[in-house]
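Whenever a hint applies, use it, and build me the whole structure from the sequences.
Residue numbers (the working numbering), protein chains in the order written: chain A, 2 to 353; chain B, 2 to 353.
One should not assume that every hint holds.
A pair counts as met if it fits within one copy or between any two copies, since identical chains are not told apart.
[Stated by the list, open to error] SDA-like, lysine to any residue: derived pairs with alpha carbons at most 25 angstroms apart:
{"no.": "1", "residue 1": "218", "residue 2": "131"}
{"no.": "2", "residue 1": "214", "residue 2": "154"}
{"no.": "3", "residue 1": "218", "residue 2": "154"}
{"no.": "4", "residue 1": "222", "residue 2": "274"}
{"no.": "5", "residue 1": "215", "residue 2": "268"}
{"no.": "6", "residue 1": "44", "residue 2": "293"}
{"no.": "7", "residue 1": "61", "residue 2": "347"}
{"no.": "8", "residue 1": "214", "residue 2": "268"}
{"no.": "9", "residue 1": "222", "residue 2": "299"}
{"no.": "10", "residue 1": "313", "residue 2": "2"}
{"no.": "11", "residue 1": "222", "residue 2": "312"}
{"no.": "12", "residue 1": "55", "residue 2": "120"}
{"no.": "13", "residue 1": "44", "residue 2": "69"}
{"no.": "14", "residue 1": "165", "residue 2": "343"}
{"no.": "15", "residue 1": "292", "residue 2": "138"}
{"no.": "16", "residue 1": "218", "residue 2": "274"}
{"no.": "17", "residue 1": "292", "residue 2": "3"}
{"no.": "18", "residue 1": "218", "residue 2": "179"}
{"no.": "19", "residue 1": "215", "residue 2": "154"}
{"no.": "20", "residue 1": "218", "residue 2": "273"}
{"no.": "21", "residue 1": "4", "residue 2": "217"}
{"no.": "22", "residue 1": "171", "residue 2": "353"}
{"no.": "23", "residue 1": "313", "residue 2": "53"}
{"no.": "24", "residue 1": "61", "residue 2": "220"}
{"no.": "25", "residue 1": "4", "residue 2": "292"}
{"no.": "26", "residue 1": "218", "residue 2": "268"}
{"no.": "27", "residue 1": "218", "residue 2": "309"}
{"no.": "28", "residue 1": "214", "residue 2": "53"}
{"no.": "29", "residue 1": "165", "residue 2": "219"}
{"no.": "30", "residue 1": "171", "residue 2": "352"}
Don't read these hints as lab results, they were simulated from the structure. As the structure is a prediction and not an experimental result, all values here were calculated from the model.
Below, each chain spelled out in residue letters.
Protein chains: 2
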Amino acid sequence: MAKIAVLGAGIMATALTFPAADNGNVINLIGTHLDDEIIDSIKADGTHPVLGLKVPETVKAFYFTEAAEAVKDADIIMSGVNSFGVEWAGEQLAKLARPGQIILSITKGMRADEDGTLHILPDVLKAKMGPLADQVDWAAIVGPSIAGELAVHHLTCVTFCAEKQEIAEKLAALYRTDYYHVWTSTDFIGNEVGSCMKNIFAFGGGFAPGMLKKMGKENDKYVMYNYAAALFGEGARELKQMVVLMGGDPLVTENLGGVGDMFVTTMGGRNVRAGTYVGEGVPFSEIRNVKMKGVTLEGVAAIGVVGEAVEKLTDRGVISADDFPLVRALYRIVAHDAPLDLPWSTFFGGER
Amino acid sequence: MAKIAVLGAGIMATALTFPAADNGNVINLIGTHLDDEIIDSIKADGTHPVLGLKVPETVKAFYFTEAAEAVKDADIIMSGVNSFGVEWAGEQLAKLARPGQIILSITKGMRADEDGTLHILPDVLKAKMGPLADQVDWAAIVGPSIAGELAVHHLTCVTFCAEKQEIAEKLAALYRTDYYHVWTSTDFIGNEVGSCMKNIFAFGGGFAPGMLKKMGKENDKYVMYNYAAALFGEGARELKQMVVLMGGDPLVTENLGGVGDMFVTTMGGRNVRAGTYVGEGVPFSEIRNVKMKGVTLEGVAAIGVVGEAVEKLTDRGVISADDFPLVRALYRIVAHDAPLDLPWSTFFGGER
Chain A
2 MAKIAVLGAG IMATALTFPA ADNGNVINLI GTHLDDEIID SIKADGTHPV LGLKVPETVK
62 AFYFTEAAEA VKDADIIMSG VNSFGVEWAG EQLAKLARPG QIILSITKGM RADEDGTLHI
122 LPDVLKAKMG PLADQVDWAA IVGPSIAGEL AVHHLTCVTF CAEKQEIAEK LAALYRTDYY
182 HVWTSTDFIG NEVGSCMKNI FAFGGGFAPG MLKKMGKEND KYVMYNYAAA LFGEGARELK
242 QMVVLMGGDP LVTENLGGVG DMFVTTMGGR NVRAGTYVGE GVPFSEIRNV KMKGVTLEGV
302 AAIGVVGEAV EKLTDRGVIS ADDFPLVRAL YRIVAHDAPL DLPWSTFFGG ER
Chain B
2 MAKIAVLGAG IMATALTFPA ADNGNVINLI GTHLDDEIID SIKADGTHPV LGLKVPETVK
62 AFYFTEAAEA VKDADIIMSG VNSFGVEWAG EQLAKLARPG QIILSITKGM RADEDGTLHI
122 LPDVLKAKMG PLADQVDWAA IVGPSIAGEL AVHHLTCVTF CAEKQEIAEK LAALYRTDYY
182 HVWTSTDFIG NEVGSCMKNI FAFGGGFAPG MLKKMGKEND KYVMYNYAAA LFGEGARELK
242 QMVVLMGGDP LVTENLGGVG DMFVTTMGGR NVRAGTYVGE GVPFSEIRNV KMKGVTLEGV
302 AAIGVVGEAV EKLTDRGVIS ADDFPLVRAL YRIVAHDAPL DLPWSTFFGG ER
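Given below as structure tokens:
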């Protein structure tokens, strides 16, 4: 049993309170300044309005103004904000955290320096925490996990990674249930990079359905799974390439943190929906500014970060111009309104 | 331009005549003794009755009794029978083929000796051909390819593998079109093993939908993609493990011949349908004998072959009892009517 403070009351952070609460942990769920309506609702009748479910009875909700109180005795602070709020979360943790606590990150993405050097998000959190960064333990959760499915106790398998194996195992024991299976890993980089890259490639999961819709063939006997599967294969290849480039263990890519996670993310969600518009022929600027105005698109944001970094790393000679052809193509679509015309012959090392 | 004789008029063999015909190759499509109705239909008005499409005008259909005439001038003989007919096909090729011809196999599966030693299907064909086996060239097509999608010219990416690189390239050039992208490989074993294993794991793609149906939750807001993704991940892991065990290149597993192919096969088809019944709780013997009586289930057949071999290889100490936990679980379901109760904690090297 542990005391867990959760910073951010989004659907994934909240869903993770279900197995944690089932195991008797004490959980304080803290909304950010953007989550006041969610906290209002949970305080009123226990319902998370986006998840559409009542949170476990033992979970206590806090407004952000109450964060200090909610965090002070915690053994674990989960950083549950989305990828747009990581720097902000790091600044808050710098003020709220204490030496000896475990910081458990669930946010997926990467950040890049001006020269294209990429960083996993736990490192972005760390950079905001100054000397405290070395006085806490670092861990993260990755793997195929749709929040609502976990919350309704549908079977879910994930990896808890940490810099120290004993920290990963300690956390795993706190969260593991008969519906939530947890493996552990010290391959922080491989798992984090995989989780970012799968969001990038899931965007392409919408292309084939969109193209079929445009052609009026969405209900035809033969649809376009061959297309989707080829994209999935090239995505798996480039995911691994990035894991290796960043210094992670390539083995991660074929398990939960790689193709498993990419599989679930390709099945649906906001990024796939945005990709469907691309398949229909809508320029990405129109998707961003009109069709899906105001909708958070973490996968698209990751394409922006990684796509730009890939170009800079190419200029610097760190990678070859032939590397990451799918990332580059997706980047042209989201950053330059390029039409959907994938360079198939450049995939899988070049058609030959 | 080449002369291609196709032995077997099933949907995949027939679909492959579309890109080949578009490139001006001369194609003789030969039905087996089980394909007379298909050949009747094509001879009458060009329609393949199962595919539901007219075959290319230049494709000439032959009854099996006309096989000798159809094959004699061919540069290439495609062996297009399903996995149940491979030995039969080998016997026919032994009589029909001539030195210098290329045998192009599209059948997926494996065979096992009494002691559990597994063999790829081209080797099964070879074994039936005697000395002629060394006087022809061997090649195969693998990768995510739903027949009907290819036939209607939806984008498809595949790998042509051959024992000799120049043979793979020669064939690729004959089939490559703007909708049919072809890569080449000399990793015959890795590609063939991957293609067999993906059929095995695709069976599991039906489990989650079946379980939801049984619970009356198939139209719920939250379904079971986490479950399907975890299965996909473990499938990818065991697919690679088998490729390595058989001596193939593990790199194949993350590309078209591995996860790409597994993705498309998981999206639907007869094996997934059979898996759905398993998810609903139907004993497999009832699926085989009642629910899907007479339906060809190649993936299930592969589970039988590989599952039994895995047990024998374990007895002989070739592999560990901890290896291939998903293959073993699927085998218990199809061979011993075991209920669907997957040993999740044994997956991914063991939950820890």
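How the hints compare with the structure:
no., hint, result
1, 218 / 131, "neither (55 angstroms within a copy, 48 angstroms between copies)"
2, 214 / 154, "between (34 angstroms within a copy, 16 angstroms between copies)"
3, 218 / 154, "between (36 angstroms within a copy, 13 angstroms between copies)"
4, 222 / 274, "both (22 angstroms within a copy, 16 angstroms between copies)"
5, 215 / 268, "both (20 angstroms within a copy, 22 angstroms between copies)"
6, 44 / 293, "neither (30 angstroms within a copy, 52 angstroms between copies)"
7, 61 / 347, "neither (52 angstroms within a copy, 35 angstroms between copies)"
8, 214 / 268, "both (17 angstroms within a copy, 19 angstroms between copies)"
9, 222 / 299, "between (33 angstroms within a copy, 22 angstroms between copies)"
10, 313 / 2, "neither (47 angstroms within a copy, 44 angstroms between copies)"
11, 222 / 312, "neither (40 angstroms within a copy, 40 angstroms between copies)"
12, 55 / 120, "neither (36 angstroms within a copy, 54 angstroms between copies)"
13, 44 / 69, "within (18 angstroms within a copy, 80 angstroms between copies)"
14, 165 / 343, "neither (41 angstroms within a copy, 30 angstroms between copies)"
15, 292 / 138, "neither (42 angstroms within a copy, 54 angstroms between copies)"
16, 218 / 274, "both (18 angstroms within a copy, 23 angstroms between copies)"
17, 292 / 3, "neither (44 angstroms within a copy, 50 angstroms between copies)"
18, 218 / 179, "between (42 angstroms within a copy, 20 angstroms between copies)"
19, 215 / 154, "between (37 angstroms within a copy, 16 angstroms between copies)"
20, 218 / 273, "both (18 angstroms within a copy, 23 angstroms between copies)"
21, 4 / 217, "neither (54 angstroms within a copy, 37 angstroms between copies)"
22, 171 / 353, "between (49 angstroms within a copy, 11 angstroms between copies)"
23, 313 / 53, "neither (43 angstroms within a copy, 50 angstroms between copies)"
24, 61 / 220, "neither (47 angstroms within a copy, 31 angstroms between copies)"
25, 4 / 292, "neither (42 angstroms within a copy, 51 angstroms between copies)"
26, 218 / 268, "both (19 angstroms within a copy, 18 angstroms between copies)"
27, 218 / 309, "neither (35 angstroms within a copy, 43 angstroms between copies)"
28, 214 / 53, "between (30 angstroms within a copy, 22 angstroms between copies)"
29, 165 / 219, "neither (49 angstroms within a copy, 40 angstroms between copies)"
30, 171 / 352, "between (47 angstroms within a copy, 14 angstroms between copies)"
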